[in-house]
Amino acid sequence: MSFTVLMLVIICGSVLVQHGDTETVLTTETESCMPNMCTLRKVFGAMTEKQSSMETRLKAIENQITQLKNKAVKVVFSAATGGNGHIGPVNTHTTMVYRTVITNVGNAYNRFTGIFVAPVSGIYYFTFFYIAGGANRSSLVLMKNNQAVVASIDHQTSHDEADNGGNAVFLQLQKRDQVYMRLNPNTHVFGNDRLTTFSGVLVHQL
Amino acid sequence: MSFTVLMLVIICGSVLVQHGDTETVLTTETESCMPNMCTLRKVFGAMTEKQSSMETRLKAIENQITQLKNKAVKVVFSAATGGNGHIGPVNTHTTMVYRTVITNVGNAYNRFTGIFVAPVSGIYYFTFFYIAGGANRSSLVLMKNNQAVVASIDHQTSHDEADNGGNAVFLQLQKRDQVYMRLNPNTHVFGNDRLTTFSGVLVHQL
Amino acid sequence: MSFTVLMLVIICGSVLVQHGDTETVLTTETESCMPNMCTLRKVFGAMTEKQSSMETRLKAIENQITQLKNKAVKVVFSAATGGNGHIGPVNTHTTMVYRTVITNVGNAYNRFTGIFVAPVSGIYYFTFFYIAGGANRSSLVLMKNNQAVVASIDHQTSHDEADNGGNAVFLQLQKRDQVYMRLNPNTHVFGNDRLTTFSGVLVHQL
Numbered sequence: 471m472s473f474t475v476l477m478l479v480i481i482c483g484s485v486l487v488q489h490g491d492t493e494t495v496l497t498t499e500t501e502s503c504m505p506n507m508c509t510l511r512k513v514f515g516a517m518t519e520k521q522s523s524m525e526t527r528l529k530a531i532e533n534q535i536t537q538l539k540n541k542a543v544k545v546v547f548s549a550a551t552g553g554n555g556h557i558g559p560v561n562t563h564t565t566m567v568y569r570t571v572i573t574n575v576g577n578a579y580n581r582f583t584g585i586f587v588a589p590v591s592g593i594y595y596f597t598f599f600y601i602a603g604g605a606n607r608s609s610l611v612l613m614k615n616n617q618a619v620v621a622s623i624d625h626q627t628s629h630d631e632a633d634n635g636g637n638a639v640f641l642q643l644q645k646r647d648q649v650y651m652r653l654n655p656n657t658h659v660f661g662n663d664r665l666t667t668f669s670g671v672l673v674h675q676l
Numbered sequence: 471m472s473f474t475v476l477m478l479v480i481i482c483g484s485v486l487v488q489h490g491d492t493e494t495v496l497t498t499e500t501e502s503c504m505p506n507m508c509t510l511r512k513v514f515g516a517m518t519e520k521q522s523s524m525e526t527r528l529k530a531i532e533n534q535i536t537q538l539k540n541k542a543v544k545v546v547f548s549a550a551t552g553g554n555g556h557i558g559p560v561n562t563h564t565t566m567v568y569r570t571v572i573t574n575v576g577n578a579y580n581r582f583t584g585i586f587v588a589p590v591s592g593i594y595y596f597t598f599f600y601i602a603g604g605a606n607r608s609s610l611v612l613m614k615n616n617q618a619v620v621a622s623i624d625h626q627t628s629h630d631e632a633d634n635g636g637n638a639v640f641l642q643l644q645k646r647d648q649v650y651m652r653l654n655p656n657t658h659v660f661g662n663d664r665l666t667t668f669s670g671v672l673v674h675q676l
Numbered sequence: 471m472s473f474t475v476l477m478l479v480i481i482c483g484s485v486l487v488q489h490g491d492t493e494t495v496l497t498t499e500t501e502s503c504m505p506n507m508c509t510l511r512k513v514f515g516a517m518t519e520k521q522s523s524m525e526t527r528l529k530a531i532e533n534q535i536t537q538l539k540n541k542a543v544k545v546v547f548s549a550a551t552g553g554n555g556h557i558g559p560v561n562t563h564t565t566m567v568y569r570t571v572i573t574n575v576g577n578a579y580n581r582f583t584g585i586f587v588a589p590v591s592g593i594y595y596f597t598f599f600y601i602a603g604g605a606n607r608s609s610l611v612l613m614k615n616n617q618a619v620v621a622s623i624d625h626q627t628s629h630d631e632a633d634n635g636g637n638a639v640f641l642q643l644q645k646r647d648q649v650y651m652r653l654n655p656n657t658h659v660f661g662n663d664r665l666t667t668f669s670g671v672l673v674h675q676l
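Protein chains in written order, with this note's numbering: chain A, 471 to 676; chain B, 471 to 676; chain C, 471 to 676.
It should be emphasised that the hints constitute simulated quantities derived from the structure, not laboratory data. Be aware that a few hints might be false.
Copies of the same chain are indistinguishable here, so a pair counts whether it falls within one copy or spans any two.
Straight-line distance between alpha carbons at most 25 Å, and here's what the computed DSS-like set of lysine-lysine pairs gives [unchecked claim]:
1. LYS520 - LYS645
2. LYS645 - LYS544
3. LYS544 - LYS512
4. LYS520 - LYS544
5. LYS645 - LYS539
6. LYS529 - LYS539
Quick caveat, the model's predicted, so the values are computed rather than measured.
Chain A with its partners taken away, still in its complex shape (with noise of 0.2 Å):
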């Protein structure tokens, strides 16, 4: 563009305009108001470049704004177990259902299956409560796909009705990857509406 705009200066025997310089072509040439109208219009030509350019980079501005805006990927989801007693003692593995839903953006948690499926890979954070009786040992898992990574056990007792237990845990999945709690054999715990339950939210897209 510099090089063009030389040649222009040769040409039409103005002042040399130098890159970008538009305002120098009109200050210098104070003697005439008249003369030069070929200078002004090659000006002109570098200023509609620029306008030209500058329009390009507002639609680049105005994209990115959009995806900004609508970057936030919302998946949340609490539920209970419902139902009004005991779960288990199942004889295998069994994956908890969670019927009850509270909360459930991004509809990314099953509430026939149990079974949170990552709508995309990010990193989550899911938590979970029981309480059980005494009669029998609880084990509850949070399993993603086949592997398990937090749990919450307790013992069988004869002098305590009730326990509690819960966990939580800050995991990254990749995109489908499942996330369920699974119930132990030979364990069960106790659910309602309100005090069994298992929540998850995306924290971080990546």
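With chain A's structure known, arrange chains B and C on it following the hints.
Showing chains B and C alone in chain A's frame:
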């Protein structure tokens, strides 16, 4: 554009100016660099209009950026009961007052009433923990206005001096919804500055 | 700028040009398209100045967008004690070392010392859970530097093989503040890769 300017150099004739086609003007006025001031002025008008429209877009962008930067309303609290002993048993449903404030960004939790009032609509996270001696039952309920959401209970037992419990939930609130902990009749907990707590945070503003 | 344009009007004797009203110049001189090159050139100067100022604003906006996009510092950790058995009883206040790291985005948690060091000032969320056998008391305290924040205790009992406990808090930290779990003298917990955990996250950078 450098090609266009080169054309300028070689040629200098005039021609029809189409809307927005300011560069055409500058290439086609061949016989002299002087004439068609008229055309130049009209094209100049188009450019002025464009500049004005870009000004409007710049202002809109600057406003949106301000909003994006200010967007994160922060509402976060943690409090403990304070005191140093049994709270309850109570005769009636009683709002727990957590008067030792650890954090209260946004000032939405009231340490005199024990009530959290949502300053904006959104998804919030609440959690509570308590310890209680075995001489009485415990029954703590997290309330949203008049509605029980999650709870934690513990049975009476002569054999366990203390039991712990808690729960957590992600809950969608409207502006001005009230969330608080309710201690049920004939139940108690134990509290001081650290053991029996109530916390909450705005996760997503809606 | 408006002064300069006004001066244009007086000196060159053209139609009155009001602030920003470059288009007036171009529409009022209808009888001839030739004259007042002078006016045109001065108004052109004003437009150049405006373009330059818009360029400055565009750059500022582009910087702010870069900051907004990079803004979310991520600090998230979860860890379990590891091992497979009793931890304690200890003779003195002892920092719990959670050496099985589940997540440690931002690398602020040190699995060798058990200490989380805040990389930036802000509001953080911490939570911990544990299980402990009844043969000894349990007393776990979440510490901020030398200050106890929240805690969970459990009494000794011969009648309950295990008890669970935990707590959580939202805490404002300055950059370099240290947060860790302290096991009090003569108390114990039980730990492995899943049961006794410590987690934390940066909620809001301040």
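How the hints compare with the structure:
Taking the shortest Cα distances, LYS520 and LYS645 never come within 25 Å of each other, neither inside one copy (43 Å) nor across copies (44 Å). Taking the closest pair of Cα atoms, LYS645 and LYS544 come within 25 Å of each other both inside a single copy (14 Å) and across two copies (19 Å). Proximity of LYS544 and LYS512 under a CA criterion of 25 Å is satisfied in neither setting, with 53 Å inside one chain copy and 51 Å between copies. For the homomeric pair LYS520 and LYS544, neither the shortest alpha-carbon distance inside one copy (40 Å) nor that between copies (39 Å) is at most 25 Å.
For the identical chains of this complex, LYS645 and LYS539 are neighbours both inside a copy (22 Å) and across copies (22 Å), given an alpha-carbon limit of 25 Å. Taking the closest pair of Cα atoms, LYS529 and LYS539 come within 25 Å of each other both inside a single copy (15 Å) and across two copies (17 Å).
Of the hints listed earlier, those the structure fails to meet are numbers 1, 3, 4, in rising order.
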